[in-house]
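Participant: Listed below, chain by chain, are the residues.
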Amino acid sequence: MGDPVVSLADFLAGSNATAVRIEPGEDIRAVLPHLDQLTLIEVTFPKFRDGRGYSSARIVREAGYTEKLRAVGDVLVDQIAFMTRCGFDDFAPDEALNQADVDAALTRFEFVYQTAADNAVPVWKLRHG
Amino acid sequence: MKLLTGNDLPSGDVLWWTGAGWSRAIGEAADVGDGGEAIAASEESARRVNAPYVIDAIDGLPAHIKDRIRAAGPTVRRDLGVNPTVKIAKA
Amino acid sequence: MYQYDKFDQALVDARVDEFRDQVKRRLAGEITEDQFKPLRLMNGLYLQLHAYMLRVAIPYGTMDSKQMRMLAQIARKYDRDYGHFTTRQNIQYNWIKLEECPDLLADLASVEMHAIQTSGNCIRNISSDQYAGAAADEVADPRPWAELLRQWSSFHPEFSYLPRKFKIAVIASEEDRAAMRLHDIGIELVKRDGVLGGRVFVGGGMGRTPMIAPEINPFVRAEDLLSYIEACLRVYNRYGRRDNVYKARIKILVHEMGADEYRRQVTEEFAHVKTLGIDPPMAEFDRISAFFAPPAFEAVNDEVDRSDPDFAVWLDQNVKAHKQPGYAIVNIALKPIGGIPGDATSAQIDVMADLAEKYSFDELRVTHAQNIVLPHVAKRDLHTVWAALNAVELANANLDLISDIIACPGMDYCSLANARSIPVAQKIALRFADAERQRDIGELKLKISGCINACGHHHAGHIGILGVDKKGVENYQLTFGGSGAEDVSIGKIIGPGFDEDGVVDAVEKAVEKYRAIREGDERFLDTYRRVGVEPFKEAIYG
Chain A
1 MGDPVVSLAD FLAGSNATAV RIEPGEDIRA VLPHLDQLTL IEVTFPKFRD
51 GRGYSSARIV REAGYTEKLR AVGDVLVDQI AFMTRCGFDD FAPDEALNQA
101 DVDAALTRFE FVYQTAADNA VPVWKLRHG
Chain B
130 MKLLTGNDLP SGDVLWWTGA GWSRAIGEAA DVGDGGEAIA ASEESARRVN
180 APYVIDAIDG LPAHIKDRIR AAGPTVRRDL GVNPTVKIAK A
Chain C
221 MYQYDKFDQA LVDARVDEFR DQVKRRLAGE ITEDQFKPLR LMNGLYLQLH
271 AYMLRVAIPY GTMDSKQMRM LAQIARKYDR DYGHFTTRQN IQYNWIKLEE
321 CPDLLADLAS VEMHAIQTSG NCIRNISSDQ YAGAAADEVA DPRPWAELLR
371 QWSSFHPEFS YLPRKFKIAV IASEEDRAAM RLHDIGIELV KRDGVLGGRV
421 FVGGGMGRTP MIAPEINPFV RAEDLLSYIE ACLRVYNRYG RRDNVYKARI
471 KILVHEMGAD EYRRQVTEEF AHVKTLGIDP PMAEFDRISA FFAPPAFEAV
521 NDEVDRSDPD FAVWLDQNVK AHKQPGYAIV NIALKPIGGI PGDATSAQID
571 VMADLAEKYS FDELRVTHAQ NIVLPHVAKR DLHTVWAALN AVELANANLD
621 LISDIIACPG MDYCSLANAR SIPVAQKIAL RFADAERQRD IGELKLKISG
671 CINACGHHHA GHIGILGVDK KGVENYQLTF GGSGAEDVSI GKIIGPGFDE
721 DGVVDAVEKA VEKYRAIREG DERFLDTYRR VGVEPFKEAI YG
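Residue numbers (our numbering), protein chains in the order written: chain A, 1 to 129; chain B, 130 to 220; chain C, 221 to 762.
Next up, chain A with everything else stripped away, as it sits in the complex:
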């Protein structure tokens, strides 16, 4: 196990923590000045229908964060491909996922329409070399 994960408030209060947890209503941009310090960012999904965490993930990846980005909470197999595209590379679901289902979900779509935070090449780029 790594260092303890602290809340955003504690982190911003001057913690030396290397791991922070971002709740849906919190502004992840607050951690951008401290990315060098972080080896883990957890983004929570208390309810899978609350999609704010997708934007949080992309914002931190777009800012150049390359360490672990973990989706925590109500994380279901049917959202995992979108989460991966938004930059998540680790998952801590409340209920364990079936690995075969996860693999199927992640490989089902061979192509993507848009640029996101993963390495997938959008089809417009494939069309025009």
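Read the hints as simulated data drawn from the structure, not as lab findings.
A couple of the hints might just be wrong.
Only some residues are given here: those of chain C computed to face chain A with a beta carbon under 10 Å [as the list claims (entries may be wrong)]:
hint: 1; residue: D228
hint: 2; residue: R235
hint: 3; residue: E250
hint: 4; residue: E253
hint: 5; residue: F439
hint: 6; residue: I661
hint: 7; residue: K733
Beta carbons are placed, not taken as given, at the ideal position from N, Cα and C, and that holds for glycine.
Place chains B and C on chain A using the hints.
Facilitator: Below, chains B and C alone, put in the same frame as chain A:
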């Protein structure tokens, strides 16, 4: 009286609880008294019904017009209903 | 029109495969209804009052005859031989079986169609002007922009769990035939110094809190479009309200934050997003645009023989000017007097497909008024087309008249509805069945919703009718003065509600009052705007 209704999971057909199982005919619906929620929960978890709910009824017919239409079929296409004798207007 | 390449096809096929797997897991009990619901909704499948209902996307309302025939085939094979065209330029089937839905979607995919994102809290089907590519007044064909947005929004990883649903419309004429400013985002294409760009309006909508979208940007270039819209959505996804489903639409965010502050945040976000390489090169825009090149129009006679009087009436009412001499735009009103607005049988759908193939360069459109358009008909063929439509009861000469009613499915089908809409539409159409009287009344947009969600666009009706539940009894409120056109406005409730027959009487009294006091060629809406509600209230409530 209270009736329990829901939809068949694979087909979507409207179902009514008969006391022993589910029927598409509202004429076979049984009064569930205060036991509807419990039946709904166990039947739904067994996937014998989808999205069940309890409604008020008078003389075997739903008390609210929406549920009477649900029982009868669209009032503008009575040819498509499964319970064509259900009256929409309040008795 | 646009044709899929292997990438588009692979994406749609993969979606069918994914949904087949999800349905299998649901039927096997591996996922709960609570978990399955957002998945089926994102494939357009609702559980309605009587059965599952499937909403099929018709991107920006454009189809070819092969696709239209598939809609007929689906009605026959999977439903009860009819479909319902909607205000979102889509089609709905009312009696779909969950277990058959994956096969249905596979059939749709075989003709480059799908039901992706026709429901759920995601970006819905992009809507547009039904006369796109045919209208004399457009600055450009809006559909390449709509197709670009369709692709960008499909399976968008960041914006599939938004606070609420999200509707985008693109138009390219000053005359607004798509209720553009009543969308979450409305885009009007304009030219500035010879360059095409989009005027962007954000935060419009109907529902329980109707709002007209304010302009957020007067000119977004094509090469910035996706970055700009992405920025608009990101601000919404982060800050849109999630505490109250009734306040979750972007109109509430823009309203509470203020258009200026929203614009400032979008501008800031756009400056960042623009650096991410989200926008495709112009070569992609050009590739898409090429699919919408004008068809091979011929130099044909511009004259029409008007000697058949029934034909002439239809010609004057339902046929509109085309930008190409010798051609015309044909409107097929799915509004038979006493019929169900927007419904068509499989046989009627097949006839419309045949006519499109033979006489309209293989193109059809669906309109937000629940009608069908044959966009490019040579004038020499108009009589033939009319006769063929007449044979299947589709030559209703009532476009934009009082019987050309928009009505949501209402409590006859919809589990959200509080009152029936269709019977009210039928009674009003029958009351005004006299064709001459209708024409004398002139343009009168009457729109009926069976609940406050406003799928029947009642807020935008010159006369709007809203069905409510009054202690278990259907009750109907009247609103006057709405418009979904370029003179956009939200209708106002005129007074206490009515029962079903009472609202029909009230509409007739208001219309007769209008005929008595109108000046010149004023429409009902113009007279209402001139004199206000009082003369009408007096006529109705006495």
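Participant: For every hint, state whether the structure bears it out.
Facilitator: For each hint, the structure was consulted:
Here the hint on D228(C) is kept, as its CB sits about 8 Å from the closest CB of chain A, short of 10 Å. About 8 Å separates the beta-carbon of R235(C) from the nearest beta-carbon of chain A, less than 10 Å, and the hint is met. Given hint, E250(C) at the interface with chain A, holds; its Cβ is 9 Å from that chain's nearest Cβ, closer than 10 Å. The beta carbon of E253(C) comes no nearer than 14 Å to any beta carbon in chain A, farther than 10 Å, and the hint placing it at the interface is violated.
Checking F439(C) against chain A by beta carbon gives a least distance of about 23 Å; that is not within 10 Å, so the hint is violated. Hint status for I661(C) relative to chain A: violated, with the closest Cβ pair at about 47 Å, above 10 Å. Proximity of K733(C) to chain A is violated relative to the hint, the smallest CB-CB distance being about 48 Å (cut-off 10 Å).
Hint compliance for this structure: hints 4, 5, 6, 7 are not met, and every other hint is.
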